[in-house]
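Please take these sequences and the hints and turn them into a complete structure.
Number of protein chains: 2
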Amino acid sequence: MKVMLIILDGMGDRPSEALGGLTPLEAAETPNMDALAKKGINGMMDPIAPGIRAGSDTAHLSILGYDPYEVYTGRGPFEAAGEGLELMPGDVAFRCNFATLTDGKISDRRAGRIKEGTHELAASLDGMEIDGVKVIFKESVEHRAVLVLRGEGLSANISDADPHALGPVHKVKPLDDSPEARRTADIVNTFVKESYERLKDHPVNIKRIEEELPPANIVLPRGAGMVPHLSSFTERYGIKAGAISGVSIVRGVCRLAGMDVLDVEGAKGTAKSDFHAKVVAGLEYLSNGGDFVLINMKAPDLFGHDSDPEGKRDIIEWIDSAFEPLNDVVDRGIIAITADHSTPCDVGDHSGDPVPLLIAGKGVRTDDVEEFGERSAMKGGLGQIRGNDLLNILFQLAGLSEKFGA
Amino acid sequence: MKVMLIILDGMGDRPSEALGGLTPLEAAETPNMDALAKKGINGMMDPIAPGIRAGSDTAHLSILGYDPYEVYTGRGPFEAAGEGLELMPGDVAFRCNFATLTDGKISDRRAGRIKEGTHELAASLDGMEIDGVKVIFKESVEHRAVLVLRGEGLSANISDADPHALGPVHKVKPLDDSPEARRTADIVNTFVKESYERLKDHPVNIKRIEEELPPANIVLPRGAGMVPHLSSFTERYGIKAGAISGVSIVRGVCRLAGMDVLDVEGAKGTAKSDFHAKVVAGLEYLSNGGDFVLINMKAPDLFGHDSDPEGKRDIIEWIDSAFEPLNDVVDRGIIAITADHSTPCDVGDHSGDPVPLLIAGKGVRTDDVEEFGERSAMKGGLGQIRGNDLLNILFQLAGLSEKFGA
Chain A
1 MKVMLIILDG
11 MGDRPSEALG
21 GLTPLEAAET
31 PNMDALAKKG
41 INGMMDPIAP
51 GIRAGSDTAH
61 LSILGYDPYE
71 VYTGRGPFEA
81 AGEGLELMPG
91 DVAFRCNFAT
101 LTDGKISDRR
111 AGRIKEGTHE
121 LAASLDGMEI
131 DGVKVIFKES
141 VEHRAVLVLR
151 GEGLSANISD
161 ADPHALGPVH
171 KVKPLDDSPE
181 ARRTADIVNT
191 FVKESYERLK
201 DHPVNIKRIE
211 EELPPANIVL
221 PRGAGMVPHL
231 SSFTERYGIK
241 AGAISGVSIV
251 RGVCRLAGMD
261 VLDVEGAKGT
271 AKSDFHAKVV
281 AGLEYLSNGG
291 DFVLINMKAP
301 DLFGHDSDPE
311 GKRDIIEWID
321 SAFEPLNDVV
331 DRGIIAITAD
341 HSTPCDVGDH
351 SGDPVPLLIA
361 GKGVRTDDVE
371 EFGERSAMKG
381 GLGQIRGNDL
391 LNILFQLAGL
401 SEKFGA
Chain B
1 MKVMLIILDG
11 MGDRPSEALG
21 GLTPLEAAET
31 PNMDALAKKG
41 INGMMDPIAP
51 GIRAGSDTAH
61 LSILGYDPYE
71 VYTGRGPFEA
81 AGEGLELMPG
91 DVAFRCNFAT
101 LTDGKISDRR
111 AGRIKEGTHE
121 LAASLDGMEI
131 DGVKVIFKES
141 VEHRAVLVLR
151 GEGLSANISD
161 ADPHALGPVH
171 KVKPLDDSPE
181 ARRTADIVNT
191 FVKESYERLK
201 DHPVNIKRIE
211 EELPPANIVL
221 PRGAGMVPHL
231 SSFTERYGIK
241 AGAISGVSIV
251 RGVCRLAGMD
261 VLDVEGAKGT
271 AKSDFHAKVV
281 AGLEYLSNGG
291 DFVLINMKAP
301 DLFGHDSDPE
311 GKRDIIEWID
321 SAFEPLNDVV
331 DRGIIAITAD
341 HSTPCDVGDH
351 SGDPVPLLIA
361 GKGVRTDDVE
371 EFGERSAMKG
381 GLGQIRGNDL
391 LNILFQLAGL
401 SEKFGA
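Which chain is which? The protein sequence lines are A and B, in order.
Going by our numbering, the first sequence opens with residue 1, and the numbers climb by one from there.
Going by our numbering, the second sequence opens with residue 1, and the numbers climb by one from there.
Treat the hints as calculated values from the structure; they're not laboratory data.
Keep in mind that the hints are not guaranteed to be accurate.
Lysine-lysine pairs mimicking DSS-like chemistry, simulated, CA-CA at most 25 Å apart [as the list claims (entries may be wrong)]: (1) A:LYS379 to B:LYS39; (2) A:LYS379 to B:LYS379; (3) B:LYS38 to A:LYS379; (4) B:LYS379 to A:LYS39; (5) B:LYS403 to A:LYS173; (6) B:LYS362 to A:LYS379; (7) B:LYS362 to A:LYS38.
Label pairs and their calculated CB-CB ranges [claimed, not checked]: (8) B:PRO15 to A:LYS39: 51 to 61 Å; (9) A:SER124 to B:GLY90: 50 to 60 Å; (10) A:GLY132 to B:GLY90: 36 to 46 Å; (11) B:GLU70 to A:ARG198: 17 to 27 Å; (12) B:LYS134 to A:GLU402: 54 to 64 Å; (13) A:PRO163 to B:GLY90: 55 to 65 Å; (14) A:GLY381 to B:ARG236: 34 to 44 Å; (15) A:ASP368 to B:HIS276: 35 to 45 Å; (16) A:GLU310 to B:GLY90: 52 to 62 Å; (17) A:ARG110 to B:ARG375: 50 to 60 Å; (18) A:GLY381 to B:ARG375: 14 to 24 Å; (19) A:ARG110 to B:ARG236: 30 to 40 Å; (20) A:GLY84 to B:SER178: 54 to 64 Å; (21) A:GLY381 to B:GLU29: 30 to 40 Å.
Each residue gets a CB set at the ideal place from its N, CA and C atoms; glycine is no exception.
So this is what it looks like as structure tokens:
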């Protein structure tokens, strides 16, 4: 047992009228997290900086010690890495949808949420070359896919082909005056056109048309991002680190950071995830030579986006029940529980409110906090830290970091 | 109603013996601010950074999201912008006094606090050209004026012509070895000499001499500063922002930041200001399409500089009474009350002590603080923030900011 960091995605919230002025976390019965808060030290964390509305990708980057303002240009690279693509710094990556083009216009942005045949469709696009740039294309869940452009002189500063609505496909435009942006926009426009040429009569689509399903006859890229060079923090600290998450962009961030991204049966990134299995898998990873494991549980964020405070309270209770095994091992290592950002139900999106944080385990200076919650953590002994400081704090508690100076 | 930020200039203080060990804010009866503190979240703010003794100009720059160490080279540009001059990045601006030169020495640094005729005197200097540099000169209140030099190759790194005492005029010197500083010093020396030539026999002064008043026969520039390029935060956030202040440098900072600087009848920047009118004008601005309004109230700072703790306590009580309308609207938006710096009466000048901050309104996570004061705010849930973080916090609470990441 060394360091386990559990990130309850979007768990932070604001006082909710439906919960009598409490937040979902405050309203939830969470005996296991309360026990850890009581025997630990508590505080608030700004995932990036005070007031900044973090995404899950930028927040995880910050928590893993990177400066998201330096390394983040768009969601694409993390999505692509999360799908297991091997990326290289300088690649430009995109999220994509398979969509349906009818009479020159997008008639279904998700091609009827196509479930079968996307592997074959993707294979017909993967490996093409446009203007000396290599195209890597891979299907993801349902209508989703990822596109990677590999070559010299590319830019991620371009607009989306996806119109984000029905109607004509958007022509991708450079967002600055550089030749790189112009060239990359041209390449993506060519790719979109070529995707239609290659997919429109593809056997998968001929069969779909016969079955009166919308054909997946065009690909719409969006969210261009340049793959950053992330100096591996596992090498920097000289540790073995793993990640458990059902969320593609979180898996992608962790993979690009050099972590082992573990596959856990039942880890789905939804409210139906097997939270217990994730905790057990995390403990096993630490038992088998791992120094650090990050476990992301997506469900609270989903209820925040759905503006459902009761649902968020209930899922937090259910997640808490999966933490029972932690009480037996906490004295042997360091356990931290926090969130990557707040997703207040009253907002229905990520906010810039800080998140509560508890750190329990061997050697921790305890404080007076008796339960885990936004406003109890405010009174904790940790004060207010930034996401970027968290690993340094956890690793020094676990004796994993080097002294700086004499 | 969106975001109202009220800055009580220099309100922060230290425990005062004259007030039984309380600060003026702690000693004051402030039912309205206490009510807001109670229903809000409280904390401490370092206007620039812990221990830094901020000026009103540098503190307001920091609070508006700029790095004063980068954009601030002297008071001149903010004074000039506060007087309504249209400035361009690269201009060098100065505060000036009209003074009286007798037998080659300054005999009155304020020309008898001249009240009339300064417009005519200024007009005789405005528009001259020295070494290819354009001179813009405008009178301000009483003996005060502003000077702007516009042209290529200028520097603000020069000394003052104002001797800050009676005696000979100081020769302006370059403060570094650059040709720009040497040239600008020469230009200012020429301007000072020329001001005497043009003013000594000016009809306004001939009349003053007849009336046995000291003539305003020379101009003494000081506080040179280079006009910075301030990227407009209103554009960055995509909001409409206004400022209400009777203080020239605060008006100047807000104007250079791209805010609407509002003129409110009775806003004087003194203890006799109509504080109620300022609050009402701020609420009106928000009702008429404004997203954010900053209201500066100068009076507490004046009592701090005068080392008058009872006076400071009393003016804080008087200001608090103007805040009654806020209790009716706070649930519809976000209200923050703080100071730009501490001006402890025992110091008689700005100190580097952090200032108390309350934030009340829709969605705010409340804390246990029951009244507004330096030492009650220390126990609040906001912890300790920096001036630079404040707008990010307020704007995310009001739903005015964008998400960074996915």
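Q: Return the numbers of the hints above that this structure violates; sort them in rising order.
A: Violated hints (numbers, rising): 7, 8, 11, 13; every other hint is consistent with the structure.
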